[in-house]
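Protein chains: 4
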Amino acid sequence: MKNTRIPVLDKGFVELIDHMGDDHTIVSAARVSYLQESKGDEKDRSLVKYMLAHGHMSPFEHVIFQFRIKAPVVVWWQLVRHRTFSFNLQSGRYTAFDDNEYYTPSRWRIQSKSNKQASELGQFAERINLDGQERSIQDIYKSVFEFCFEIYEELLRNNVAKEQARLILPFASLYYTGYVTADLRNLLHFIDLRSSQEAQYEIKVYAEAMESIIKEICPWAYKSWKEIKCAS
Amino acid sequence: MKNTRIPVLDKGFVELIDHMGDDHTIVSAARVSYLQESKGDEKDRSLVKYMLAHGHMSPFEHVIFQFRIKAPVVVWWQLVRHRTFSFNLQSGRYTAFDDNEYYTPSRWRIQSKSNKQASELGQFAERINLDGQERSIQDIYKSVFEFCFEIYEELLRNNVAKEQARLILPFASLYYTGYVTADLRNLLHFIDLRSSQEAQYEIKVYAEAMESIIKEICPWAYKSWKEIKCAS
Amino acid sequence: MKNTRIPVLDKGFVELIDHMGDDHTIVSAARVSYLQESKGDEKDRSLVKYMLAHGHMSPFEHVIFQFRIKAPVVVWWQLVRHRTFSFNLQSGRYTAFDDNEYYTPSRWRIQSKSNKQASELGQFAERINLDGQERSIQDIYKSVFEFCFEIYEELLRNNVAKEQARLILPFASLYYTGYVTADLRNLLHFIDLRSSQEAQYEIKVYAEAMESIIKEICPWAYKSWKEIKCAS
Amino acid sequence: MKNTRIPVLDKGFVELIDHMGDDHTIVSAARVSYLQESKGDEKDRSLVKYMLAHGHMSPFEHVIFQFRIKAPVVVWWQLVRHRTFSFNLQSGRYTAFDDNEYYTPSRWRIQSKSNKQASELGQFAERINLDGQERSIQDIYKSVFEFCFEIYEELLRNNVAKEQARLILPFASLYYTGYVTADLRNLLHFIDLRSSQEAQYEIKVYAEAMESIIKEICPWAYKSWKEIKCAS
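Chains as they are written, first to last, in the numbering used here: chain A, 25 to 256; chain B, 25 to 256; chain C, 25 to 256; chain D, 25 to 256.
Bound-form chain A, shown alone:
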């Protein structure tokens, strides 16, 4: 599982760099309350489910994942709000942005009617009128980036500070690469929130990639969490 990159969106990825612990770690941490450890697979597995079902989440903090993630700022913008995670990110003050390192949605979603902050499922826009002409959104999008990157690069050539030149770029679309370290308790909470119907598609697919990694490393915890989630 380590060092396999799961592709996400058009140019992003989630890569498991390292992890500490697995299902057995949860069991040992839980059973330390009465100074015991494993009682065999069947009982251990039940215990993991019991802990999840009753919200006894502290034993899940001893299982840790380190990811390398490449995602557009619009995703990081939501990701960095998870304050128990540890982050180190590429710096736009330090490193110039590359003119093809931005996210292009494969489809343009329609605003949801029922939920003011979300998109409608399965409905898309393709063309809009601009300056009296009907044009594809994809073409317009591309031309915005070409226009903005041309200026950005000219600003850099004129020695304008990178920390300021980036103000001119469609920042939310730029890909940033970074490290994220998080424990299983808080990762499951993150996935709960960010794989929900309310979540923005762009972060949902990152949550799903992390979910698939957790499924491999902690199959007991994953299966129970999924069952509890589906039952509720």
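Everything labelled a hint here was simulated from the structure, so no lab data went into it. Incorrect hints may have been included.
No copy is singled out in the list; a pair is fine if it fits within one copy or between any two copies.
Unchecked claim - Calculated lysine-lysine pairs in the DSSO-like style (CA-CA distance at most 30 Å, straight line):
1) Lys239 with Lys137
2) Lys67 with Lys137
3) Lys140 with Lys63
4) Lys166 with Lys250
5) Lys67 with Lys26
6) Lys63 with Lys35
7) Lys239 with Lys228
8) Lys140 with Lys250
9) Lys247 with Lys67
10) Lys253 with Lys166
11) Lys35 with Lys239
12) Lys250 with Lys73
13) Lys228 with Lys63
14) Lys137 with Lys73
15) Lys140 with Lys67
16) Lys239 with Lys140
17) Lys137 with Lys26
18) Lys166 with Lys73
19) Lys140 with Lys247
20) Lys73 with Lys26
21) Lys63 with Lys166
22) Lys73 with Lys35
23) Lys35 with Lys140
24) Lys140 with Lys73
What you are looking at is a predicted structure, and each value in this text was computed from that prediction instead of being measured.
Since the structure of chain A is provided, determine the placement of chains B, C and D on it from the hints.
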């Protein structure tokens, strides 16, 4: 002090919404270790300085500030990385951006020669060549926003979801309004980092505004912190 | 409400020292996502309930309470595990313990049959056999403290370090006084856990005292939280 | 290094259960700001030192250690105050205490004259007067535990709840076993505080055991941290 807006940058502000505690709160929290409280102003003041000088910072966690802040995303992008703070922010998924709610730098700083991630002090660019023409950066900047907002608004009129339409905007410059609640210990740490020479000017001025509020509410802590900072 | 001490157990208390914000703070923080504030009491109240019911808890972090608490170590031992709280406590390394500042249970609970870590409801022990004699637990308890405090005080008279002399005392029963600062989000979570049937009686009564303070300061949030809790 | 128990005090230990990452992890996390990784041992090592010397500590959060620790409550009482650590501990509500699982100091330290909360270096008490008789502190200590455990066990035989019966024991001396997971940034901070002259001997020796493990796993970070510490 409450409900006074300190203007920051061209359209931003820092406003103290509420606070809990002051210098005396620090003293009481510190002296609970031996079940005492105030010993008079002079001794109390010395105690505050002693705690700061020796890194005994836990008593400073009981003094809390709630701010309402309006700042460009480039500032929030750094602000939200302070993981002990509590945040609630305007949502670009929920609320459409207004075409004049973006930050225009008054000056374009030159990249620092010695520090790869910072700007040179007191050196500015004004004009660059674009398409064979010398033009003012300010004019170009304005035209980028006009161009991008025209498309953004057309996308919204065509019912493209706000969460996706924003990908086309120069996101880092957009003003977001939000609430930030933080304790004095972590605020002083924030100001230490973000008012340093290495910090980006745009966040520095927000750190300074918060500093001026702390100075009013906790004059003893502020003065000692400043003295210790200057001496080191 | 401020500076009123709610008596808890035989010699303890919970005292509200200060607080920041109330129900309206939650509303403002929640509505900043679309740049609005109050919409009148009825709608505001519904919003608070909606946030609680859907687990949108970040707006509750801007309401802060500072308590002064006097509780036996057995209570603090559980209290300090709430890692989002800020603490400053009396120091047993610094301050000698007073020979009547310990907790005496009014009743001795029977071990639960169904729950290995809890007590049976409403069943108590009063007398046990010791050295062939039937004696009241209260009398034995008192004599243990007299015996241990006599040695503790003799150790101090002989200049043994306080940090070590305390090893001889029935530490879990000693009253410690301290400050606790916590936000409403994490306080409600604390009360959820510590006022449950599973919780130890000694901490439950502290959770209830804090609950009664929250009820006064944030009646909307409190009522909704209670309704949701009872419905689930 | 894994699964080796370092003995601490008379019956305690620190055992490295697992760890994630090492010096190279710090380097990768630091260099992601400009999208690079290793530049060879010499430069990588310098970078680690530079980060430590300038307080750029976020890259150290991606190196994680999980310990199994057996320590008296007086040590845990201080350890659990480190709120970034994850803990799972033996439960005195769940598990009866064993009558020989308590800490006996090898020496009884004298109260410091200059520091109200610490012990004098290298000065010890051995005998005190009790009931008109000169007796060794060790003998008295032992008899207190025999006396208290006799009552404790009688309470349990009479079915008094374990959560309450423990009130009668010299709780601070009882050994508890637990898991502690912490990142390198916060571990170094912990060791800074708890291996200082001001720290209580009993926790100092645990901090030293953790230090010796860090030294093995992260020799670059350790050496630099030590040099910077000694120079200041």
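Hints versus structure:
| no. | hint | result |
| --- | --- | --- |
| 1 | Lys239 with Lys137 | neither (34 Å within a copy, 37 Å between copies) |
| 2 | Lys67 with Lys137 | between (47 Å within a copy, 21 Å between copies) |
| 3 | Lys140 with Lys63 | between (50 Å within a copy, 17 Å between copies) |
| 4 | Lys166 with Lys250 | neither (39 Å within a copy, 50 Å between copies) |
| 5 | Lys67 with Lys26 | both (29 Å within a copy, 26 Å between copies) |
| 6 | Lys63 with Lys35 | between (45 Å within a copy, 26 Å between copies) |
| 7 | Lys239 with Lys228 | within (16 Å within a copy, 38 Å between copies) |
| 8 | Lys140 with Lys250 | both (28 Å within a copy, 28 Å between copies) |
| 9 | Lys247 with Lys67 | within (15 Å within a copy, 40 Å between copies) |
| 10 | Lys253 with Lys166 | neither (40 Å within a copy, 49 Å between copies) |
| 11 | Lys35 with Lys239 | within (23 Å within a copy, 39 Å between copies) |
| 12 | Lys250 with Lys73 | both (10 Å within a copy, 27 Å between copies) |
| 13 | Lys228 with Lys63 | neither (37 Å within a copy, 32 Å between copies) |
| 14 | Lys137 with Lys73 | between (38 Å within a copy, 23 Å between copies) |
| 15 | Lys140 with Lys67 | between (46 Å within a copy, 17 Å between copies) |
| 16 | Lys239 with Lys140 | neither (33 Å within a copy, 32 Å between copies) |
| 17 | Lys137 with Lys26 | neither (42 Å within a copy, 39 Å between copies) |
| 18 | Lys166 with Lys73 | neither (48 Å within a copy, 44 Å between copies) |
| 19 | Lys140 with Lys247 | between (33 Å within a copy, 27 Å between copies) |
| 20 | Lys73 with Lys26 | both (26 Å within a copy, 28 Å between copies) |
| 21 | Lys63 with Lys166 | neither (59 Å within a copy, 36 Å between copies) |
| 22 | Lys73 with Lys35 | neither (36 Å within a copy, 34 Å between copies) |
| 23 | Lys35 with Lys140 | both (29 Å within a copy, 27 Å between copies) |
| 24 | Lys140 with Lys73 | between (36 Å within a copy, 19 Å between copies) |
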